[in-house]
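**Q** Sequence:
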Amino acid sequence: MWFNQKSLEWSGGPIRGWKTGLIFLVGGAVTGAATGKALDFYCWRIEQRLIRIEKERVDQETQERERLEREKFEKAKLEQEAIEAEIAEIKRIQREAAIEEERLWYEEHGQDYADYADYEEEEDEEDEEDE
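Per our numbering, the sequence shown starts with residue 1, numbered consecutively.
Ranges between beta-carbon positions, derived for each pair:
no. : residue 1 : residue 2 : range
1   : 57        : 78        : 24 to 34 Å
2   : 87        : 62        : 36 to 46 Å
3   : 64        : 95        : 43 to 53 Å
4   : 94        : 60        : 46 to 56 Å
5   : 34        : 73        : 54 to 64 Å
6   : 83        : 57        : 34 to 44 Å
7   : 54        : 79        : 35 to 45 Å
8   : 53        : 86        : 45 to 55 Å
9   : 64        : 84        : 26 to 36 Å
10  : 54        : 94        : 52 to 62 Å
11  : 105       : 73        : 42 to 52 Å
12  : 73        : 50        : 27 to 37 Å
Within a straight-line C-alpha distance of at most 30 Å, the following computed DSSO-like cross-link-like pairs (lysine-lysine) qualify:
no. : residue 1 : residue 2
13  : 19        : 37
14  : 72        : 91
15  : 77        : 91
16  : 72        : 55
17  : 37        : 55
Because the hints were derived from the structure by calculation, they are not lab data.
Note that beta-carbon positions come from the ideal geometry of N, C-alpha and C, so glycine has one too.
Start from the sequences, fold in the hints, and give me the full structure.
**A** Pasting the structure below:
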């Protein structure tokens, strides 16, 4: 069917243009299907890209969190080691001070420190003989 501009009437009967209508109908269906498939493929690609970007972001956040936890653990470990070293140094200084104080006491009271050490060894030997 087409519109006759001179007479302003429709030309051809309703059944006469069925082939043209069918061609337009099939052409529209094929074009629509192709466009739909193309859009589906494009959307699928965009969706996969967004999923990959989100996964990378989550992985980066996880790695950053683990790195911060490791740094925190290492810092605490170093602080603990420093505290233990300081305590060991204090104990060493106290032990040396006590030994020096003991040595001075024995010097002041007339007994040599070396003699005292020998005296302890003699006591140990006597204890072993008694057993």
